[in-house]
Amino acid sequence: MEVTAVTGILDTTLALIFTWVGYKTTRILWKYTPYSYPNARIMAMEARLFSEQKFNELAESKTLNNFVINLEDSDYRDYLANLPSYDAESIDRALDKALAGIYSLMFKILPKRVNPFFRLLLQEWDVRNIASAVKAKIRGEPAVNYITDLGTMPQKVKAIADSKSMEEILVILEGTEYEEIYQKLLLGEIGVDEFETQLYKMHYSKLLEYAESRKDEEKVILKEFVRLRIDKLNILTILRAKAHGLKAELIKPSLIPGGTLNRKTIDTLLNVEDLGMALAELDSTKYGEIIRNVREEAERDLSVLDRELERYIRQRLRELTRFYPLSVAVPLNFLLQKEAEVKKLKAIAKLIEDGIPPERIKEIVGELT
Amino acid sequence: MFKPEEMAKIDIISLGRYKDRLLTYLHEKGVVEVREVDVKLAQKDAPNEFYRKAASYSISISRLVDFLRAHRKEAGGGLKEFLFPPEKEKRTYRYKSIEQLIKDVEAFLEKVEPEIKAVEGKLNATQTEIERIKANIAILELLSVLNIEVDYLKSTDMLEIVVGTVERDRYRALMEDLKEVVGQRFVSVSKELKDKYLLVLVFLKGDYEKANPVLAKHSLERIEIPEGTGTPRDLIIEYNKKLREKEEELEKVRKEAEWLSEQYYNETAFYHELMENERDKATILSNLVRTNMTFALTGWLPKKNVPEVVEGIKQLTENKAYINIKDPKPEELDEIPIKLKNPKFIEPFEMLTEMFGVPKYNEFDPTPIMAFTYSFFFGFMLTDFMYGLIVGIVAAILIKGHRHLRDGTWRFAHILLFSSFFTMSLGIIFGSYFGNALDLAGFHVPRLLDTMRGALTVLEIALAIGLVHMFIGYTLGFIVKIKNGELKDALLEQLSWMLIISAVVLFVISENHPGLATAAKGIFGAGFVLFVLSELKNGGLAALLIISDFFGFVGNWLSYARLMALALATSGIAMVVNILVQMIWGIKIGPLSIGLALGVVLFIGGQFFSTAINSLGAFVHSLRLHYVEFFGTFYSGEGRKFEPFRAKREISKLELDVEA
Amino acid sequence: MDPIVYVSLGAALAAGIAGAASSFGVGIAGAAAAGAVAEDEKNFKNALILEGLPMTQSIYGLITLFLILMVSGILGGGFKFKNPNDIDNIIKSAILLGAGLTVGLTGLSAIPQGIISAAGIGAVAKNPKTFTQGIIFAAMAETMAIFGLVGALIMIVTGVGF
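In order, the protein sequences belong to chains A, B and C.
Just add 186 to the spot in the first sequence (first one is 1) and you have our numbering.
Just add 667 to the spot in the second sequence (first one is 1) and you have our numbering.
Just add 124 to the spot in the third sequence (first one is 1) and you have our numbering.
Some clues are possibly wrong.
With a straight-line cut-off of 16 angstroms between C-alpha atoms, the simulated EDC-like cross-links for lysine to aspartate or glutamate are [as the list claims (entries may be wrong)]:
(1) K877/B with D348/A
(2) K240/A with D947/B
(3) K778/B with E876/B
(4) K433/A with E398/A
(5) K253/C with D278/A
(6) K253/C with E876/B
(7) K524/A with D348/A
(8) K344/A with E876/B
Chain A is faced by these chain C residues, among others (derived, beta-carbon under 7 angstroms) [stated by the list, open to error]:
(9) I152
(10) A155
(11) A158
(12) G159
(13) A160
(14) A162
(15) E163
(16) I239
(17) A243
(18) I245
(19) A249
(20) V281
(21) V284
(22) G285
Because the hints were derived from the structure by calculation, they are not lab data.
Note that CB positions come from ideal geometry on N, CA and C, so glycine has one too.
Chain A with its partners taken away, still in its complex shape (with noise of 0.2 angstroms):
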């Protein structure tokens, strides 16, 4: 061969390598890299979360006192560390400002081009608290007692909770999203119970919208997490419905589309004649195992059903953590499982305030896991 060929090809060889490899190469570097401290952290903090026993000697506190003391030795130590008085109340306070330091510790530690998502999740709080509050003002009760102090704007629902008048919470909320389905409600175009839908529905368009616009991984994962969260709730709204004998039409429009459910499932969930029915025909879908298990239970209380809907997310969330262990569901799923250890914590301070013994707090304590 002559020379000149030999190093044409040499050459050739060569530019074609790097350009593959350094293609694939910043690819992989910029997906895995920016998870790899965050997931560290998160997994860490992982281990701390509470265990069932840490739960049961909780539940064996007997005084509030006790238990603040028994939470002495965990991360919420600080939040407790300066409570006004011993009671529920506060105590639910210092949880909830925990929870939010979770979330801005997630704001701060993960990656830019997903911290939108969290930030739509800490809205979900202002969703729910904005909903509960008008629907206490509604109702005539004292807002105060249904508002979290969680969310991106505490300072404004605080006021809302304050307002005297349905106009003002209209000044308030006056250039938010939430303006223009508020005005609707307080023109009466629409009742409060389809208020409340139409703030859901909103925020969860903008959480699927979100998940979109991601790529890979982040968007089969966060594309899955809101599709599962929307299908709980259309399934809990229709059943909900159904029990109370509701037509399709009525249901229909306070249904969120985007779930993983079918159309048709939908049709014929909606056109059933009771609750019973309904659930049989879930019985077809990836829903049916877990409504298999508490169908009885469920056809008195649909709570047992919503718990048993949150902890399949949970699970599925779980799995995908083993998937994907440098990817957004860590995080994602550690902040369901934070969420759900600050709920029971929360109702084992509620029952033991109640005085209620510790063989039951551990029974009640141990259905919501």
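Given chain A, work out where chains B and C should sit, using these hints.
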């Protein structure tokens, strides 16, 4: 050796009043693994009030310990502490009953807790105060741009005064909205800051209700006006004075805390350990069952401990106990906990086996073989006399320092010491002393083989070692399976490979003795047929796996090439360091031979780095060769590790009061 | 191109790519280590060992660099394949380039090894018992680099010789 410790099952039934003492006895003895009693008849035991108290005291005392430790004068830690951890003094506690122990702890807490809490409270209060003062100073600094006396910024009977900040782009809209709701009946003073506006708004009391939602809408962040009179600048001076006073106070309280720590740290830590152990004891209770008068407990213990434990129980319960000792039954195979048994000098290597998983009761304990091969591989990959010497010296120091603790570090150091012997001997064979440092210095170093120049020979040796290693693994598996009566598996899964490996060896030999070639082919054929049969056993589709599994074997074998690669890496890095040193050795600036000084530093630093990084490599890859390649041939590691119910005592000792 | 270009490219790419890959790998694992330690200092020892694993590839690169420099005579003596018109010189320098490339490119395994280490550090932070498994998983990725080094060595010794 080769077999795990013989175990026995123990059932105990005794009177409820002996339970506490019996559990404490077993806890201190630490040789019985307690298992759940599977009886429907009786009720599960649960912690009583005292155990619950123990759990909660354990947490509250741990808080005290944390506080005291944070304020200890000499904090400890550092390299010396790691090499020579001080032997901790053990304080004795005479144990009568859990009730008595709780009482003692309560008495201790009653005395100490208020004192510590008082100082802690004072410390926190002072710190909060300092924070508050600092926050106030920050606010005042912000307000100082306005230069309005702070008195004028506080609401009066008639007027509502709001001070706060608002984002720059919302300022205009806020003002317009305010005008809309309250008209001209408000006064505002504003100052533009970096990205926001500082605002002082004055409303009539009556208008405030209307203005408030508007303020919320534009997310006005309110500022609390600090106490005091005068302009902000004057107040800052005043607050700074306060700050200094508080800081002095803080220092004083810190001294108090140090004093407390000196006084009580050891005692508090002692009680903490006692409570932690009670807490641990309480968790085992759910494995027991009880009736009104009696309780039952079941568990496993090493056979050799049976007589003393039985004797101890009898003594404690004044012979009022039913004790049943049983040998393990074949159907309990998955239940039997495994405690490895090896001679003293191999014992540290059990750590490596346990990290992977212990064998089942009827399986083979690979620790003795691993003790040899692991150290040998480590040595082969490090191959340097001086590196081996360094590792050996460090290991020896650690062994001496951790002698009394016998902890993980101690066992690990033993493994390193063993490995360093092989490293040094192989270093001599390869003539490597800090790599080729001696050659460069002009000495003639005797060596059988050079890692660099004879790289291909070293590769052949490495692959030969691999074959032997895997052959040992398959043979062990073969023997164990024959012994346990799994003849078919032994023939298909182990013998096949044993034959194939023998054939490979014969092929190599047959290059010089052509007559062996036919025999080699025959053996290879037999082995391969067995291998194919073992694949087909799992159904027809498994035939697809034949190729991938066969090359899996080849891959495993070639993986032993890392022995040579890492040996090469060691001598390579050493050589790089040596060449660099040689390059700068002669550099002189004037009369100063700067190259000499730099060279020595570079040589020491470089060689130590090389020792560290290559030891890490040797450690990891030697482990990998065992876990993946070697264990893959025969070992499951699916046994259940023996986890005795045992007290953790570092600074306390329990004496059981039998008379009580 | 001149033979010297190929030889020095081979040496440079072996050490350069493997070194860069190692630094990326250690970087990813290091970020995870920092995260794990931020929550609990007890993770330090385990995280440190896992973080160090992707470093080996750069060593293989460095060794290959020296081997190439030695056999081509750049280190000690003079460059052996000066004449660009001799086809033998071109082939030998091409072999050296190939050997360097083999080590450099297989050295890229340091990046995935770093990713595995990072995931391993996370797992260890959650459950310290997974430490050994984490090490073994990470060591798996290194096999390719080892094969690369062995291959390169055979190329150098048989194709060019000392």
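Here is what the structure says about each hint:
With a C-alpha separation of about 13 angstroms, the suggested pairing of K877/B with D348/A holds against the 16 angstroms cut-off. For the hint linking K240/A to D947/B, the alpha-carbon distance of about 13 angstroms falls within 16 angstroms, and the restraint holds. This hinted pair does not check out: K778/B and E876/B have alpha carbons roughly 54 angstroms apart, beyond 16 angstroms. Our distance criterion of 16 angstroms between C-alpha atoms is broken by K433/A and E398/A, whose separation comes to about 33 angstroms.
For the given pair, K253/C sits about 35 angstroms from D278/A by alpha-carbon distance, which is inconsistent with the 16 angstroms threshold. Taken as a hint, the K253/C and E876/B pair is broken in the structure, with Cα atoms around 61 angstroms apart against an allowance of 16 angstroms. This hinted pair does not check out: K524/A and D348/A have alpha carbons roughly 30 angstroms apart, beyond 16 angstroms. For the hint pairing K344/A with E876/B, the CA-to-CA distance comes to about 15 angstroms; that is within 16 angstroms, so the pair holds.
Taking 7 angstroms as the C-beta contact cut-off toward chain A, the hint placing I152/C at the interface holds, the least distance being around 5 angstroms. For A155/C, the interface hint holds, since its Cβ comes within 7 angstroms of a Cβ in chain A; the closest pair sits about 4 angstroms apart. Annotation: A158/C was flagged as interfacial toward chain A, and the flag holds, the nearest CB pair being 6 angstroms apart, inside 7 angstroms. A least Cβ separation of about 3 angstroms between G159/C and chain A falls short of the 7 angstroms threshold, and the interface hint therefore holds.
Using the Cβ-Cβ criterion of 7 angstroms, the hint placing A160/C at the interface with chain A is satisfied: the shortest such distance is roughly 4 angstroms. The interface hint given for A162/C is met, as the beta carbon of that residue sits about 5 angstroms from the closest beta carbon of chain A, less than 7 angstroms. The interface hint given for E163/C is met, as the beta carbon of that residue sits about 3 angstroms from the closest beta carbon of chain A, less than 7 angstroms. Hint status for I239/C relative to chain A: holds, with the closest Cβ pair at about 5 angstroms, below 7 angstroms.
A distance limit of 7 angstroms between C-beta atoms decides the matter here; for A243/C the minimum to chain A is near 4 angstroms, and the interface restraint holds. For I245/C, the shortest C-beta to C-beta distance to chain A is roughly 5 angstroms, which falls under 7 angstroms, so the interface hint holds. Given the 7 angstroms rule on beta carbons, the hint for A249/C holds: about 4 angstroms separates it from the nearest Cβ of chain A. At its closest, the beta carbon of V281/C sits 21 angstroms from a beta carbon of chain A; the interface hint therefore is violated under the 7 angstroms criterion.
Checking V284/C against chain A: minimum C-beta separation of about 16 angstroms lies over 7 angstroms; hint violated. Contact between G285/C and chain A, as hinted, is not supported at the beta carbon level, the nearest pair being about 20 angstroms apart and thus beyond 7 angstroms.
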